[in-house]
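Participant: Working from the sequences, and respecting the hints, build out all of it.
The primary structure of each chain is shown beneath.
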Amino acid sequence: MAINTRNRGTFDWLIIVLYLALVGIGWVNIISASIDPTETYDFFDMSNLYAKQLLFIGLSILLIIFILSLEAKFFERFASIIYVVSILSLLGLFVFGKTISGATSWYGFGSFGLQPSEFAKAATALALAKYLSDIQTDVKSFVHQLRAFVIIALPAICIIPQPDPGSALVYAAFFFPLYREGLSGIYLIIGSVVVGLFILTLAFGPYYVIAGILVTAVILLIMNRKKRFGKRLYYILPIVAMLFVFSVDYIFQNVFEQRHRDRFNVVLGKDVDMKSIGYNTYQSEIAIGNGGLFGKGFLKGTQTKGDFVPEQQTDYIFSTVGEEWGFLGSTLVIFLFVGLMLRVIILAERQKSQFSRIYGYSVAGILFIHFLVNIGMVTGVLPTVGIPLPFFSYGGSSLWGFTILLFIFVKLDSNRVNDW
Amino acid sequence: MRRILLFSVVLVSGLLFTGRLFYLQILNTSYAGLSENNAIKRSFDYPQRGHIYDRNGELLVSNQPSYDVMVIPREVEPFDTLELCQMLKMTKEALVTRLDKARVYSPRLPSIVIPQLTKSEYAYLQEKMRKYEGFYIQKRSLRDYQIDFGANFLGYIAEVNHSDIEANPYYQSGDLKGRTGVEKQYEEVLRGVKGVKYIQKDRFNRDIGPYKNGSLDTLPQPGKDITLTVDAALQRYGEELMINKRGGIIAIEPATGEILALVSAPNYDPALLVGRERSANFTRLWYDTITDPLFDRSLQGEYPPGSPFKTLNALIALQEGVVNTQESFSCYGGYSYGRGRKLGCHHHPSPLSMIPGIANSCNAYFANVYRRVIEKYDTPQEGMDVWNNHLASFGLGDFMGTDLPIGRPGFIPDGKFYNRMYKFPEYKWYSTATISNSIGQGEVSTTPIQLANVTAAIANRGWYYTPHIIKSIEGDEKQIPEEYRTKHITSVDPANFEPVVQGMNDVYNYGTASAVRIPDIEICGKTGTAENYTKINGEREQLTDHSIFVAFAPKDNPKIAIAVFVENGYWGSRYAGKIASLMIEKHIKGEITRTDLEDWVLTHSLEDEYAKPLSGEPFYINDGKKLSGVPEKPKL
Numbered sequence: 007m008a009i010n011t012r013n014r015g016t017f018d019w020l021i022i023v024l025y026l027a028l029v030g031i032g033w034v035n036i037i038s039a040s041i042d043p044t045e046t047y048d049f050f051d052m053s054n055l056y057a058k059q060l061l062f063i064g065l066s067i068l069l070i071i072f073i074l075s076l077e078a079k080f081f082e083r084f085a086s087i088i089y090v091v092s093i094l095s096l097l098g099l100f101v102f103g104k105t106i107s108g109a110t111s112w113y114g115f116g117s118f119g120l121q122p123s124e125f126a127k128a129a130t131a132l133a134l135a136k137y138l139s140d141i142q143t144d145v146k147s148f149v150h151q152l153r154a155f156v157i158i159a160l161p162a163i164c165i166i167p168q169p170d171p172g173s174a175l176v177y178a179a180f181f182f183p184l185y186r187e188g189l190s191g192i193y194l195i196i197g198s199v200v201v202g203l204f205i206l207t208l209a210f211g212p213y214y215v216i217a218g219i220l221v222t223a224v225i226l227l228i229m230n231r232k233k234r235f236g237k238r239l240y241y242i243l244p245i246v247a248m249l250f251v252f253s254v255d256y257i258f259q260n261v262f263e264q265r266h267r268d269r270f271n272v273v274l275g276k277d278v279d280m281k282s283i284g285y286n287t288y289q290s291e292i293a294i295g296n297g298g299l300f301g302k303g304f305l306k307g308t309q310t311k312g313d314f315v316p317e318q319q320t321d322y323i324f325s326t327v328g329e330e331w332g333f334l335g336s337t338l339v340i341f342l343f344v345g346l347m348l349r350v351i352i353l354a355e356r357q358k359s360q361f362s363r364i365y366g367y368s369v370a371g372i373l374f375i376h377f378l379v380n381i382g383m384v385t386g387v388l389p390t391v392g393i394p395l396p397f398f399s400y401g402g403s404s405l406w407g408f409t410i411l412l413f414i415f416v417k418l419d420s421n422r423v424n425d426w
Numbered sequence: 005m006r007r008i009l010l011f012s013v014v015l016v017s018g019l020l021f022t023g024r025l026f027y028l029q030i031l032n033t034s035y036a037g038l039s040e041n042n043a044i045k046r047s048f049d050y051p052q053r054g055h056i057y058d059r060n061g062e063l064l065v066s067n068q069p070s071y072d073v074m075v076i077p078r079e080v081e082p083f084d085t086l087e088l089c090q091m092l093k094m095t096k097e098a099l100v101t102r103l104d105k106a107r108v109y110s111p112r113l114p115s116i117v118i119p120q121l122t123k124s125e126y127a128y129l130q131e132k133m134r135k136y137e138g139f140y141i142q143k144r145s146l147r148d149y150q151i152d153f154g155a156n157f158l159g160y161i162a163e164v165n166h167s168d169i170e171a172n173p174y175y176q177s178g179d180l181k182g183r184t185g186v187e188k189q190y191e192e193v194l195r196g197v198k199g200v201k202y203i204q205k206d207r208f209n210r211d212i213g214p215y216k217n218g219s220l221d222t223l224p225q226p227g228k229d230i231t232l233t234v235d236a237a238l239q240r241y242g243e244e245l246m247i248n249k250r251g252g253i254i255a256i257e258p259a260t261g262e263i264l265a266l267v268s269a270p271n272y273d274p275a276l277l278v279g280r281e282r283s284a285n286f287t288r289l290w291y292d293t294i295t296d297p298l299f300d301r302s303l304q305g306e307y308p309p310g311s312p313f314k315t316l317n318a319l320i321a322l323q324e325g326v327v328n329t330q331e332s333f334s335c336y337g338g339y340s341y342g343r344g345r346k347l348g349c350h351h352h353p354s355p356l357s358m359i360p361g362i363a364n365s366c367n368a369y370f371a372n373v374y375r376r377v378i379e380k381y382d383t384p385q386e387g388m389d390v391w392n393n394h395l396a397s398f399g400l401g402d403f404m405g406t407d408l409p410i411g412r413p414g415f416i417p418d419g420k421f422y423n424r425m426y427k428f429p430e431y432k433w434y435s436t437a438t439i440s441n442s443i444g445q446g447e448v449s450t451t452p453i454q455l456a457n458v459t460a461a462i463a464n465r466g467w468y469y470t471p472h473i474i475k476s477i478e479g480d481e482k483q484i485p486e487e488y489r490t491k492h493i494t495s496v497d498p499a500n501f502e503p504v505v506q507g508m509n510d511v512y513n514y515g516t517a518s519a520v521r522i523p524d525i526e527i528c529g530k531t532g533t534a535e536n537y538t539k540i541n542g543e544r545e546q547l548t549d550h551s552i553f554v555a556f557a558p559k560d561n562p563k564i565a566i567a568v569f570v571e572n573g574y575w576g577s578r579y580a581g582k583i584a585s586l587m588i589e590k591h592i593k594g595e596i597t598r599t600d601l602e603d604w605v606l607t608h609s610l611e612d613e614y615a616k617p618l619s620g621e622p623f624y625i626n627d628g629k630k631l632s633g634v635p636e637k638p639k640l
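In order, the protein sequence lines correspond to chains Z and A.
Number 270 in the numbering used here belongs to position 264 of the first sequence; there are no gaps in the numbering.
Number 235 in the numbering used here belongs to position 231 of the second sequence; there are no gaps in the numbering.
No lab work stands behind these hints, which were simulated from the structure alone.
Where hints are given, some of them may not hold.
As the list claims (entries may be wrong) - In silico lysine-lysine, DSS-like type, Cα no more than 25 Å apart, as pairs:
# : chain 1 : residue 1 : chain 2 : residue 2
1 : A       : 482       : A       : 420
2 : Z       : 306       : Z       : 358
3 : A       : 181       : A       : 198
4 : A       : 198       : A       : 143
5 : A       : 135       : A       : 93
6 : Z       : 306       : A       : 201
7 : A       : 205       : Z       : 306
8 : A       : 563       : A       : 539
9 : Z       : 306       : A       : 45
Facilitator: What follows is the structure, encoded as structure tokens:
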């Protein structure tokens, strides 16, 4: 029976429906963000962004059909090769790359460009899944952790000097599959403390944070004064923490460029000029805030029409959703994303093969980082980091990258009954 | 734990973002206004301001197009600078400076290169302008005056200032608004309502089309034409007569309260306050503190009314029943009211009853009847209040409520006022302490238009309409305010007016104005000669008397009531009487039969008289009868 249903009817339709909904809504908003109000629609004029995006969506459908028709085992088997090809494509950018708005992230084909970093995510997810699911690999062993880290870090290191630190940041998503597969919780704690100290230092300055560390350390020491062992940690950890705080402050003040500092200051609500430094965030908040409950309606957003929000077809596309579809429309989009991610996690959990599960977790993690950083940026709660909103933002590479990422998982999931 | 970490952070972040959106879109309303400023531009479509006509349908004020040469710096392409300079009649340096300034202001928004070109200049430019990318010509509308008089009541329009914008959100910076006169009073009628277009802008402030497809846009409502009660011919004639004199003429149609002429001299050409030279001209008028052309003497001047006020005292005395028309009083060259004080009078037959008393303007007669009025009641306070109430019913002592935005209340004293003045009850006061009121001097003061209105009320025998200048709006007389169609009844019975009217008629027949009679017209009038003073180097110095005249004609079914006031014109019939009779003849006959009288008025100037107090020398007043002025006065 299982063999009969092998190739049909077992694709997870919920994911496909959510995917189509997101791509569809995204396209509608790209129309709004890119159309000239005096023009009429022309879906075949490739000088219009929405027409191009329609083409990209059409090609995505072909990609989906292609992926779903492949043998599920193909991805596991060829994971390493795909990964190596992907790394080579990233390295090739240093030689053949085309520079668009300051970043050498594209291969140019006429008027179209291909951005290999968008595909590298799926390749890395495959490679990591393959390595971790290897019977030889023990995620609790430090050496294996290191190897896994190298697999993750390699593409990120290739991407940072493009420069595109935002896309590199996405590779933090692979923490989630690692943790799911048994990575020690101490990394989670260390990670949380590091992020916490980082934010606190930026918000309050190093001296208050150090004072806080000292007070915490003293309290812990007093509470645990009867303990016999491991007391040294109570001396060492605060010192490490304090050194970290100082280095954060030093890096922030001396290594970061002013524009990076400004991005943090905007989010931390520090006094910055909303006409220049905080312009993106401010205009985006105005556009979203203007939506109200029901929004202004399709093509009726004044901020969108006036191109007030920079990059509104790509990274800031969600501001158009907020303005034209209001609270109802934008929460719907949030729910669709959350639903998609949760569905991927749920499906990942029920995979029999470890490969599929790790891959599923990678997919959910990557989608989550994009979702978090992008919506956080557009709504003004996180610093400006230029990464696209999956399925929504204009751009063929981004759309195809996420489509491949997601539908490899759909294919793997459809094959779970055949796994053994 | 390992299974739910990602699951829960996804869920939590979803909820956090929902909360953030709730805050931005529902709770925080401050963004809505920002967008309006940011992305929507309101552009206004100004309707034509209404025209102004006189009572005979003569066009007084219309509109003229004016043309501004504008530039949008970023759209300017390299052009033939020399040719453009030649066309615009400006030097190359001036043009370059102008363009630099425009660029600094905004490269994307229009700036003015040359303002307010005339039609002929525009016609020349129009054909060639399209060659110059980034330059264009914008049409505006300005007032076009068909007449060179009447500036005092027509008023002018000017750009709104900050407080106008604060007070009325209708106005935007750069809008024009009536500042004085009819333009101010009927601003809302004349201006219409401007149309609004909402235009969507992009982040460079460029237009990208109508907002909501123009569904919020409104069409302009054109301004309404108004017709004034003024007779342009009479007004023009009045202003001609007042050349080289200072003062005012107010002519009213008694039956309706319509203002036929409202002359204030000196006046100015209303066209001075339009166009490129407006600012310079206005400054010149504003700082002319000697002739003060922006001061409307007919509405704002408060003067002692002098003898015309006696007619009112006569009416009050008859109404109070303290005298009849037969009773005569002796005049001993004046009226002694105790302790050797005397109210002087001129030479005339004596004793006199009421009618010849008015005709001869006998001070003693009116001192007598005035005392009787005040003393009729138990206390002088009570008497003063009754007297005051009678005068108030003629519209004295308070703002007239005309439809001209300026005016003064004048002053009529009452019991309370004298209590304060004489420190009652510490000191007592009696009617004799206020005796100057009997002859229109002392504490009373009126504006010329109040005097004209009193004359109209006498002409009507006991009622008047508030003087007004609006005749109809868009030809519809029903649209004028209700208050100008409401009859005011005076407190004096109609029957009591007849002897006073007869007295005023006799002023012309054999009295103080017999020299200025007009054949075939039964005029009733009253002369006035008011003493007045000025301060020179801190000293109170007397000047030549003001010449005052009030009149109405014909005696029955009067067509015109008039008050004429000529500063320092000496006795009443010398200037004011002549001007009044000429005005009456002009209005009733349409032509002047007594050209000798006309020539006299047109050729006589009072400029020498006005120069005297400014000369710094001692000077003679009242035709050399009296020496006045500084630095030193010889002992007489």
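Participant: Could you work out which earlier hints the structure fails to respect and list their numbers in ascending sequence?
Facilitator: Violated hints (numbers, rising): 1, 2 and 8; every other hint is consistent with the structure.
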